[in-house]
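Chemist: Just need the whole structure built from these sequences, with the hints factored in.
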Amino acid sequence: MFDRVFTPAWNPFYCLGALGYFYFWVVAGTGLYIYIFFDTGLTEAYASVEYMTHQQWYLAGVMRSLHRYASDALVIMTLLHLLREFAFDRYRGGRWFSWVTGIPMIWMIFAAGITGYWLVWDMLAQYIAIATTEWLDWLPIFGEPVARNFLSASHLDDRFFTLMIFIHIAVPLILLFVMWFHLQRVSYAKVNPERGLAIGTLLMLLTISFVKPAISHAPANLDLVPGKLDLDWFYLWVYPLINVTSAELVWALAFFGTILLLFVPWLPPRAKKSAAIVNLNNCNGCTRCAVDCPFSAISMQRRSDGAPFSQEAVVDPDMCVSCGICVGSCPTATPFRRRGPLVPGIELPDLTIARLRDLTEQAASKLCGDNRIIAFGCEFAADLEKKKCENVGVVKLPCIAMLPPSFIDFVLSRDLAAGVMLVGCRDGECHYRLGARWMAERITGVRDPRLRARVARKRVRSIQVAPAHTEDLLSEITKFTSDLAEMDLQGAAVLEEAERDSPEIGAPH
Amino acid sequence: MKHVLQYCGQALVYALFGGLVWYFSSAPQYINLASGKAVIKLSFAHAAQHVSACRTRSPAELQKLAPNMRQARECPRERLPVYVELDIDGRRALSESLPPTGLSGDGASKIYRRLTVSAGTHTINVRLRESARSEGFDFAVMRVVNLADRQNFSIDFNLPKGGFILE
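Residue numbers (this note's numbering), protein chains in the order written: chain W, 59 to 567; chain D, 706 to 872.
One should not assume that every hint holds.
[What the hints assert, rightly or not] Residues from chain W that keep clear of chain D, each with C-beta distances beyond 12 Å, as calculated: (1) PHE313; (2) GLU419; (3) ASN429; (4) ALA514; (5) LYS516.
[Said to hold, decoys possible] If you want a taste of the chain W side facing chain D, the calculated C-beta under 10 Å gives, among others: (6) VAL63; (7) TYR185; (8) PRO198; (9) ILE266; (10) ASN279; (11) GLY285; (12) ASP290; (13) TRP291.
Just so you know, the hints here were simulated from the structure itself, not pulled from any lab data.
For each residue, glycine too, the CB sits at the ideal point set by N, CA and C.
Modeler: Set out below in structure tokens:
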């Protein structure tokens, strides 16, 4: 549905992480502006925030509101991003690094958000300050209860605000560093949403900021206990939870929850597919596999076998997710080769190129009818097996970009089928991030290895379809079959016409 | 027409997402303390007396020590626990023995307790024992207070300032 409403390029679900980055920058930019007007101090803090909210409502007030609402949106995006990556099984194997580095970011986002509310020093801030320090005091690490700082007005001084503003600025800076770290093993990471989406979401935040500006509670007063509070439930839900349960239970949840999340990539155990292997005899160090790898699992290193090439591809098995995209990018992975064993420069031990050629030929041999189709499909896209029939043979791959374009030429030039169908994930939803994109670029000739010019493009049909939309696949197969039939009819007509126009060989004059 | 529908759909999604942010950024309201209630907080960090008094070392004992460690007086580090009782309107609200902190048990005993009571007049009786005595208390104070709605009433202990501080 979101594809239809937003188009795949703008679909927010395809760029949840990038939207998170965007909200972070909005929070950082607005935070810089309101910091100009912010005063640290028991009475000055509240007064300065009130000035921004009421006297300079048109700019500083809007900035304050944007600061709050973008922070809230950041929490939502982070949660959705985490759930989506988990739901689509995109956290194991070589992806463990991004998952594990993402977990501390959750703590940092909350720490930054909560200290932000603290700085306003209104009744809500007072509630947060006391509840936080009471929670911290459960840990047996403080010589004196930290919450004693808020026992009465005489216990508090301005230094506490200096500490809070330091934390509120330092934590996001560390967060930014971890955000950079988070993407170190992701090549071609998307850190900016499409411009249209960014404008749309910014307009949404601005609208809320104008219609419902962020306001403060009454000024903090340690002689009184905060009563009714308009909590920001995105950040502050933990405090009622402590109240309803206990500090120790919430510590246990936080601690064991974090540990569990950190170890999720290794739980429950799942058999890891074999990592790609490099066959140096056939690797000329062309770098295509390293350039195309979506997880930076391949590096180019100095040649070690004395062959007359400067580099060789080296696979890091811990980072390899066995997607096979490197195999699809290898120019030596061509099924035409018949002399000697078919061993390309790089391949997956679980699905070698020779095996892929065998599977293709087996699928073709079972086809009957006039409009035979070989469908190469990604195992994470729509289920092709259900669509297998007399004239459609199926070859499944870990990722559609594992298919070297020469296979398409092979199928058509050897008349193994009348048409080739390529079924991949939707762009933006590709299980291995870049497979659908790389395949499209290889077919259209903008990325190596390119599909040869001699291949009739009308006999190649590419479709990107989600598992939930198998009916789209069925209708596309039906359409492709009828298109192939029409092509054959036109071809026969042209041939007949040519035969009619040309003089018959050996005819009497 | 298709574009119009797309833009309408996008506007709807933004409205729903914005509505989510809008509502939960400040609602539903949370009641931290109901009307008609007040809070009494008892908190202090106080080091009790040492487990035993200092004593003077004999010349023989001093001779056994290294020359740089020949202190005439030997004082134990360990401290006694602080025992505290709090009665509100004649009923025991709290009684705790607070062990000293620190690996050697030589630090201050600490406490932070929050008690919710109804607003109005209350008789507060708080007592503290910091010595080795088994009966009675070293410090005690009784006061009748009239707590306003949502008032935060604190009971602190500070020996240099004379003992209990109620405010």
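Chemist: A separate judgement is required for each hint: does it hold in the structure or not?
Modeler: To see whether the hints hold, each was checked on the structure:
1. Chain D leaves PHE313/W outside its interface by the beta-carbon criterion, the shortest separation being 22 Å against a cut-off of 12 Å.
2. No beta-carbon of chain D is positioned within 12 Å of the beta-carbon of GLU419/W; the least distance is around 43 Å.
3. Chain D leaves ASN429/W outside its interface by the beta-carbon criterion, the shortest separation being 31 Å against a cut-off of 12 Å.
4. With a least beta-carbon separation of about 31 Å from chain D, ALA514/W lies farther than 12 Å from that chain, consistent with its non-interface assignment.
5. The beta carbon of LYS516/W sits about 26 Å from the closest Cβ of chain D, which is more than 12 Å, so the claim that it is off the interface holds.
6. The beta carbon of VAL63/W comes within 4 Å of a beta carbon in chain D, closer than 10 Å, and the hint placing it at the interface holds.
7. The closest approach between the C-beta of TYR185/W and any C-beta of chain D is roughly 6 Å, which is under the 10 Å cut-off, so the hint is satisfied.
8. Against a cut-off of 10 Å between C-beta atoms, the interface hint on PRO198/W holds, since the closest Cβ of chain D lies about 8 Å away.
9. Interface hint status for ILE266/W: upheld, as the beta-carbon distance to the closest one in chain D is roughly 5 Å, under 10 Å.
10. Annotation: interface hint on ASN279/W holds; nearest CB of chain D at approximately 9 Å, less than 10 Å.
11. Proximity of GLY285/W to chain D holds as hinted, the smallest CB-CB distance being about 5 Å (cut-off 10 Å).
12. The beta carbon of ASP290/W comes within 5 Å of a beta carbon in chain D, closer than 10 Å, and the hint placing it at the interface holds.
13. Restraint check, TRP291/W versus chain D: the minimum CB separation of about 4 Å is within 10 Å; hint holds.
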